[in-house]
Structure formats: C-alpha cells, structure tokens
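*Asks:* Dock chain B against the given chain A, drawing on the hints supplied.
As given, the protein sequences belong to chains A and B, one line each in that order.
All residue numbers for the first sequence refer to my numbering, where the first residue is 1 and numbers rise by one.
All residue numbers for the second sequence refer to my numbering, where the first residue is 1001 and numbers rise by one.
In case anyone wonders, no lab produced these hints; they're calculated from the structure.
A few of these clues could be false.
[Claimed, not checked] Computed list of lysine-lysine pairs in DSSO-like fashion (alpha-carbon distance at most 30 Å, straight line):
(1) A/K210 x A/K199
(2) B/K1271 x A/K199
(3) B/K1328 x A/K236
(4) A/K14 x A/K131
(5) A/K182 x B/K1143
(6) A/K236 x A/K182
[Claimed, not checked] Rough simulated footprint, nothing fancy, chain B against chain A, three-plus residues with beta-carbon under 8 Å:
(7) 52 to 58
(8) 151 to 157
[Unchecked claim] Some residues of chain A that are not near chain B, with every Cβ distance over 10 Å (derived):
(9) D164
(10) L173
(11) L235
(12) V239
No experiment lies behind these values; they were computed from the predicted model shown.
Built from N, CA and C at the ideal position, the CB exists for glycine as well.
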Amino acid sequence: MKVKIFSDCVKEGKHPEILFWVGCSGSFDERAKKITKAFVKILNDANIDFAILGNEESCSGDPAKRSGNEFLFQMQAIGNIEIMNSYNIKKIVTACPHCFNTIKNEYPGLGGKYEVLHHTEFLKSLIENGKLKIPNGSFKGKKITYHDPCYLGRANNIYEIPRDILKKLDAELVEMKSCKSKGLCCGAGGAQMFKEPEKGNEDVKDIRIKQALETNTDIIAAACPFCNTMLSDGLKDKVSNDSTSVMDISQIIEKAKGL
Amino acid sequence: MISYIDNILFVTFLVLTIFLFSNNFKKILNNIRLGRAENRSDKTILRLKNMFRVAFGQGKMIRRPIAGILHLIVYIGFIIINIELLEIIVDGIFGTHRIFSQYFPGLYNILIGSFEILALLVLISVIIFWIRRNILKIKRFLKDEMRGWPKLDADLILYFEIILMSLFLTMNGADYTIQLNYPENDIYVRAGSFPVSQFLVPIFQDFNLNHLMLIERISWWLHILGIFIFLNYLYYSKHLHILLAFPNTYYANLESKGKFKNINSITSEVKLMLDDNNNYEDNDDSEIETFGASDVTELSWIQLLNAYSCTECGRCTSECPANLSGKKLSPRKIMMDTRDRLAEFSKNIKGNSEEYSGDGKKLLGDYISNEEIWACTSCNACVEACPIDIDPLSIIMSMRQYLVLEKSAAPQDLNNMMNNIENNGAPWPFNQQDRTNWIN
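Excised from the complex, chain A in its bound form (with noise of 0.2 Å):
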C-alpha cells in the first residue's frame, strides 16, 4: 500500500497538499485499520497527494479532555501543533469524528489554525468534482442505515453530507428511530470508550443496535472508529449470522468500487 511519511517528503523537498490524520484507533485497532486502508485506496484510486504525520502524530488528546485531563490534552495538542506547523499544513483529512472535532474546533485556540475535514466530507468533494465514481450495482436492493456519530452530527452539525455519499449507491436509505440531531449516542464518546460503564439495565450499544436492527437493515453505516467498534460488538451479541453488518462509509465505498 503506498503511503507517503510527511517527514519523507519534506525531506525530498516536497509539500503534500492534504494530511491525512490517521488517529490511534486507525493506527491500532483492528476493525478501525480497515477502514483506515479502505480510505488510502480510495485516495490512491483518486490520486491525492497526502502523507500521513507516521509516527510523529500522536493522540490528539479528545479522551484526556473528556475525561477533564485538560492538562494532558493541552499537552498532546501543543506537541502536534507544533508538528503540523513545522510542516506548514494547511489541510487534515481523518476518519476519526473525535480527531476531526477536537482539531477543528480545539486547537485553532492553542495556535493550530487548520482545514480540518472529516472523511465523509472528503469524498462527497471527490464525488462532486467527479475524482470519485461510485459504480451501479454492488449494493443493489440493500437497505443500509446511518448511524450519526455525535461529534460529527450533533458536535459539528453534519447529518446530510455521509447520508448524500449513501444515497450514490442504488441502495434502499433507512432511518433509525432516532436519527440526525436526535440520534442515539453509540455509548462509545466522552472516554466510556476506554472504561466500564458505570451500573445501569443495559448497554447504551445495545439500545442502537435494537433501533438499528427495527429497520431491518442488510448494512449499519457508520462514520467513526468507536462507534464501529461499539456497534460490531454489539451487533454480534445480537444476531448469529451476519446477514447485518456494520461497515464505515470508506469501506461500502471500497466495496463498490472492487478496490
């Protein structure tokens, strides 16, 4: 797979136009480093120029700061501000809802002044300026429906954008019960991600799936690496087949193009 290190070309004297902002779920959780290959083929089929920070990026301290560590998060977001500027980036893509917001919205206050998109508005931009083709067929007569990561819906006010890059396959959209600015957390966010939860009847993963599961859907679309986890696991508590499955937008779109 062809990856460019941004230290690399610096070094050959080169300037990629756009980071990539892999994330620490991209980089070392297996479901998350699908999606992050997915997304690399889909770049490389449409001849971006990106480069990956390697393994210079580190956290970009969202769970610290969700979990109130605002000193380790300050930490973490000064270290890679200083990185990213030292390289003069000027554009980050990622896949990661919790990255994407936290750069966005976190470190234009500590300095680091960027173009921050998340994945899915990428390649509705592909789509748009026809770099990206979405073939008929692959995902004929499916129903798929979207889960709304939070930092990405209700955070950041994206709902339409994922749901116009679903609507390009010849596919059936379905909506949860609770979906766009009401949509039901994954129960991943706020750092729960990395705890147990506290003591309750049920857990919240399981609340969605039953929505998801309702509208008798053949794929959950989802658009961020937690809530991917959080709905796998517990769609596989659910059903025993895997006539559902969960999948992120950059992969339906790998499978749609065969890549």
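*Replies:* For chain B alone, coordinates are given in the frame of chain A:
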C-alpha cells in the same frame, strides 16, 4: 370616603407585589453573580436572533409536536392575555370598569373576544398537561428527581392556571349577564364580546343584579390576586423560565457543540513546560483558581443562569443515552441539584453577612455523585434537546476537570488510558513507533 377602600387595597397589593417580586429577582441576580466570569457579550446580532428563534419563536419546543403545540397555546395565551392585565391594573387603581372599552370600542370587542378564546384554549391545554402528568404518567415526568416538591410544584402551576382562566371566564360571564339583563345599570355598560363566557349566561340567568355583581367582583379580585401570588411564587418554583428563557437563550453557547472551552491558565503552564529554551513569556497573570468545579461558586454565571432557567421538562433526560440505559445520570437532575445547592449556598451567606461560612457541603459529593459524572458520553443529546439552550454537559465537564485535576480521582480505567497517552501517545499501550504498522 368608603368608596376608595377598593382602590387603596388594590394599590397596596400592587405595590407589595412589585416590592416582593423585585426583591426576589434581585436575590436571583445576586446568586447568579456568585458564578465565575464568562464573557458572552459578543455577537449581539446572532444572540438576538437565537433568542428570537428559540425563546420568542419557541423554535425547539415544536420538535415534540403535542407538547410543543400545547405549550405554544399557553405561551401565546400568557402574552396576549397580559394585555388584559394592563386594563385590570388601570381599573384597579382608578376604580374604573373596562376603561379601555371607552377609547377603542371596536378593537376592544376583538381583543376581549380573542382573550376569551385563548383562555379557553389555555384551559384545555393545561388540563391536557395535567392528564399527561397524572393519568398518562409520561415517563419523563416521573423520574426519581421528580419525586416530592418538583412533582407538586409542576401540578401547582397547572392548578394556578386552571383557576386563573376559570376566574377570568366567570368574571366575563357574570359581567355579560349583567350587560344583557340589566341594561339600565351604569357600571356594566355594553362592552366586549364574549364568545366563550356567553355559555355561562344560562347558568347566571336567575341571579339578581347584586349577586351577579358580587360574582363578578369576587372573580375579578381573585383573578388579579392570583396573578400577584403567582408572580411571587415564581421564585420558589421551576417556573422562572417564563422570564429567564430569554436571557438564557441570548447568552447561550453559539459555538459548535463539540467545542469545549480550553482552560487558558493551563495553556501558559503547558507552553512553559514544552519550551526547551525557556523563552516563553508567561503573560497570564490571572489568579490561579481551582480547576473545574465542585461547588456553585466554581461554576460560571452562565451555568448558574442555566440552573435557574430549567423548567424540569426532562427532554434532556429522556434523550440521554446514560439515562436510557438505566444509569444514575440524569441531565435534568444536574440542573436541579445546581439550583438547589445555589439556594442553600445563598442562604448560608445571607445568614453570615455575605461571607460563606462553610456548611460542610458541596454540589459535587452531596448533591451530584461521581457515578453520575462519569456516566456521561458527552454526546450533547441533552444540550440539543433543551428547548431553551441549557447546557448540562458543561457542568458535567467542569466536574470531571475538578475530579481529575484537583483530586486525581478518575476511574482506574481512565487513569490507565491517560497514562498510555502520556507515555506512548495513544490511549492504548501501543508503541508510538508502531503507528505505521497498518500499512503493511
């Protein structure tokens, strides 16, 4: 001489009401000022727009159509019927009767007619509200935090409204009967149109003039005294939103909901630490204060205004994923606790010449538990759901900051996660040098 007793009584009640009301309102303002500074004096036009859309225009209420429309009726009724209040006050002071009817007879008929229709609609809406709470027992009205006073408070307000509207219609019905049956009397001259209370005329048909005047006067007095009492009940109830919804939406957070404020004093420290050459100048001479919040004085005035504005409708809690999955956290309870603690705190300083004498209690610990604070997914569903832009999440985050930065009291799992970030730049124990292993 005797004929002035009514006027004197009325003016006394009016002055007393204004005095008590402004006193209570001052108390609320002072309590809100106990909070930390936060600058929301920017973007005047955007703020006004938000206030007009969300508070005046009820923009977020209608998302739940049944409650939204019923509330809209009560809200319009409240505003429009208060025009009548103006006349009642003028009549009360000068001992006149339906003073406005002399000056704009045509308009007057339309106004009284529309007040009557609105009063009926309000009456019906409020009865449906009562049914929703007490017979249909809609879940969000019956959560744990609604037991006792909050439940009674909600019902009392509905009873108030039912009584006020009934008195208004009874007053008009008696008045109209006199107008019809005793045209020779010189007080109750033909004025107004009575599309609703005309149906009370058959009931009053056999009453003589004195009885009808008595009914009209008693209704008139009870109606206006009811309004005076209601105004001063506000301070003790959840119903302050009828006033505070406006400043609360004006001063609401207009940024993306995902943007959490950075603590500036920490930025200076971090920059000092990260600067190898020590040439970063620390320009931040703000007083070092407690990080985050464990009590009301460590919250911002916006967060305290939020607490006073909350109507306890529970839309936040009914959409909170933690609450839906049976956890202890309820965003509404966070707001109610904040307000209760603020009331308690202000009593303490009142009894001790404006100096907090320490009552051994804190908002975090005695009202809100750590378990509630850690159950939040920061999903913003509560903030989105609030019809008047209250932000329970910001209080939760302030408390997490206190627990982590002041007390190092995060759950063990989160401590592990934070150690990982500190040591290897990821929330899991993976080596930073392995970040690109996925490529192969």
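*Asks:* Each hint should be assessed against the structure and marked as holding or not.
*Replies:* Each hint, compared with the structure:
1. A/K210 x A/K199: OK: A/K210 and A/K199 at ~20 Å, within 30 Å.
2. B/K1271 x A/K199: Violated, at roughly 39 Å.
3. B/K1328 x A/K236: Holds. B/K1328 to A/K236 sits at ~27 Å (cutoff 30 Å).
4. A/K14 x A/K131: 22 Å, holds
5. A/K182 x B/K1143: 21 Å, holds
6. A/K236 x A/K182: Given pair A/K236, A/K182 holds - Cα atoms ~25 Å apart, limit 30 Å.
7. 52 to 58: n = 5 at 8 Å, threshold three: holds.
8. 151 to 157: holds (count 5)
9. D164: 20 Å, holds
10. L173: 22 Å, holds
11. L235: Per Cβ check, A/L235 is outside 10 Å of chain B; nearest 17 Å; holds.
12. V239: About 20 Å separates A/V239 from the closest Cβ of chain B, which puts it past 10 Å; holds.
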